Amino acid sequence: MPHLDRRQMLKLIVAGAAVSALPAGWLSAAPEGMLKKPIPSSGERIPVIGMGTWKSFNVGNDRQLRLARTEVLEEFFRHGGGMVDCSPMYGSSGEVLGFALEQLGHPEGLFAAEKVWTEDGTATRKVVSELESTWGIQPFDLMQIHNLVAWQPHLEMLQQMKAEGAVRYIGITTSHGRRHDEFERVMANEDIDFVQLTYSITSREVETRLLPLAAERGIAVIANMPYDRGPLIKGLKAREQVPEWAVQEFDCKGWADFLLKFIVSHPALTCAIPSTTQVEHMRENMLAGTGPMPDAELRQRMIRHIEAL
Amino acid sequence: MIDDWSTYAVADFIPFTAEVYFRLIERIGERFWPLHLPAIALGGAIVWLGRTGRTGIACVLLAMVLAWVAVNFHIREYAELNWAGIWAGYAFLATAGLLVLFVLLPPARQWTASAGSIRPAIGLLLAAVGLFGYPLIAPLSGHGWMRAETFGIHADPTAVVALGCALILLRGLRLWLVAIVPLLWCMISALTLHTLEAAWAWVLVAAIALAGAGLIIGSLPRRHTAR
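Residue numbers (numbering that gives the first Met the number 0), protein chains in the order written: chain A, 0 to 308; chain B, 0 to 226.
Among these hints, one or two may not hold up.
[Said to hold, decoys possible] Listed next, the in silico SDA-like pairs over lysine to any residue satisfying Cα-Cα at most 20 Å (straight line):
#1 K233(A) <-> L195(B)
#2 K252(A) <-> A187(A)
#3 K252(A) <-> E204(A)
#4 K233(A) <-> E29(B)
#5 K233(A) <-> E18(B)
#6 K233(A) <-> M145(B)
#7 K125(A) <-> P87(A)
#8 K233(A) <-> V278(A)
#9 K233(A) <-> A8(B)
Honestly, the hints are just simulated from the structure, not real lab data.
Just so we're clear, the structure is a prediction, and the values are computed from it rather than from any experiment.
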């Protein structure tokens with residue numbers, strides 16, 4: 000048994016007490032070690048690390064790159080990944096996902112998340128049907144309205160489709176702090192299961208209103224752009240080592256671990272969706288969903304550390 | 000679909016990585032090899048025809064090249080990566096259509112450029128850069144020849160040569176109408192290359208500056224000589 004000093008023992012007791020105070024099932028480890036959190040509207044638990052596809056999976060009909068992305072997706076599922084998020088705005092990403100999923104034999108555990116992105120409010124069913132063909136799956140687990148584009152007619156139709164079982168969950172998305180006032184109104188007044196928004200250690204605007212509202216309304220939250228379009232982690236990796244206290248406090252394995260654990264340890268957050276083109280980076284991302292998570296006090300220390308750099 | 004422009008960065012409009020874009024350039028190069036060499040020769044012929052007063056046939060040949068690039072680069076390939084690529088393809092097709100229209104409608108001497116001015120000289124320089132300079136960028140940057148971008152095969156050198164040819168062949172409003180799409184493409188591509196951290200984005204910026212100068216010079220009123 001490893002030796003624990005008094006400080007570590009105290010922390011263990013406090014952490015144990017904190018976890019026991021959480022609602023049942025709020026945070027639990029999958030058999031593979033990946034932590035899962037529940038979708039409030041159903042209680043279904045999904046892995047806290049998902050996968051985004053913006054830029055990373057848009058490789059067109061280049062077979063060599065399609066096979067390379069298939070390896071990235073394979074690594075994702077090998078580590079217990081669940082949510083894969085895409086949008087018609089992402090060029091060929093949906094087709095590439097369809098190709099990769101077919102190559103991998105449609106792995107179990109996939110939580111397929113897509114978006115409706117059209118000003119034509121009457122095209123919801125048509126878009127969903129086309130996306131199902133592109134991915135080679137039916138039905139989607141989650142269908143979101145991309146950036147609130149024509150959200151009223153799309154939401155009405157998606158609610159109807161959910162009732163029919165044509166989609167399992169529905170939601171809305173935004174990114175980079177756009178249209179938060181309207182986003183908040185939809186969250187407050189409409190019946191949705193998920194919201195997707197930008198949240199990272201350097202983009203925390205949503206902490207003040209949207210995350211508390213999500214918790215209050217029982218809406219699952221997906222964090223996009225966890226690395227602020229990429230430069231955040233690239234810059235950190237190039238210049239700095241993770242602080243020693245992070246290694247000691249929550250077994251931090253690197254900057255991906257640091258940045259993603261900060262996000263998914265927020266009580267209102269359900270899942271973060273980093274995207275990557277590299278198998279090695281996927282492995283780093285997925286490891287962030289395992290092991291101890293920082294508590295509220297440590298999260299503040301993490302913010303101070305990044306702000307001081 | 001776009002609101003609150005201040006929250007957007009150029010990178011938000013480029014939905015692919017540098018690896019993917021340059022693989023696309025390479026794959027298109029491989030697919031059409033060895034068409035590159037006759038394409039460059041055709042570009043040289045268009046410039047020569049324009050400089051020797053055979054404007055109509057030069058315009059038709061340039062229109063054919065623009066239409067070819069619109070279909071085979073923008074619509075068939077680039078649009079796979081960027082949904083806006085199809086609109087760029089349509090814009091190139093529209094420019095090709097305009098060139099043909101200008102040949103079909105009024106007598107050539109009313110709208111073609113006069114010889115001996117600065118504007119055709121700038122046009123010649125741009126055409127030379129697009130035809131002979133642009134294909135050297137990839138090998139000089141340490142990449143293989145199949146990465147080389149060529150007039151008639153890839154969009155960037157085609158746009159640069161089209162600007163050069165427009166300055167040689169046309170004047171007035173017709174020059175602006177034909178130049179606007181290649182000029183816009185050069186701007187978009189310069190921003191794309193800059194975002195993808197390609198060092199040669201400045202070549203397109205220089206081409207835009209040169210073409211802009213040519214367009215402004217081409218719009219200045221002619222000096223009247225005393226009798």
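Going down the list of hints, with the structure as the test:
Straight-line distance between C-alpha atoms of K233(A) and L195(B) comes to about 15 Å, which keeps the hinted pair within the 20 Å bound. Distance check on the hinted pair: K252(A) and A187(A) sit about 38 Å apart at the alpha-carbon level, beyond 20 Å; violated. For the proposed pair K252(A) and E204(A), the alpha carbon gap of about 27 Å is over 20 Å, so the pair is violated. Distance check on the hinted pair: K233(A) and E29(B) sit about 33 Å apart at the alpha-carbon level, beyond 20 Å; violated.
Between K233(A) and E18(B), the direct Cα distance comes to roughly 17 Å. Compliance with the 20 Å bound is thereby established for this hinted pair. The straight-line distance between the Cα atoms of K233(A) and M145(B) is roughly 30 Å, outside the 20 Å bound, and the hint therefore fails. For the hint pairing K125(A) with P87(A), the CA-to-CA distance comes to about 13 Å; that is within 20 Å, so the pair holds. Using a Cα cut-off of 20 Å, the hinted pair K233(A) and V278(A) holds, with the two alpha carbons roughly 16 Å apart.
The hinted pair formed by K233(A) and A8(B) meets the criterion: a straight-line CA distance of about 18 Å does not exceed 20 Å.
The structure does not agree with the numbered hints 2, 3, 4 and 6 stated previously, though it agrees with the rest.
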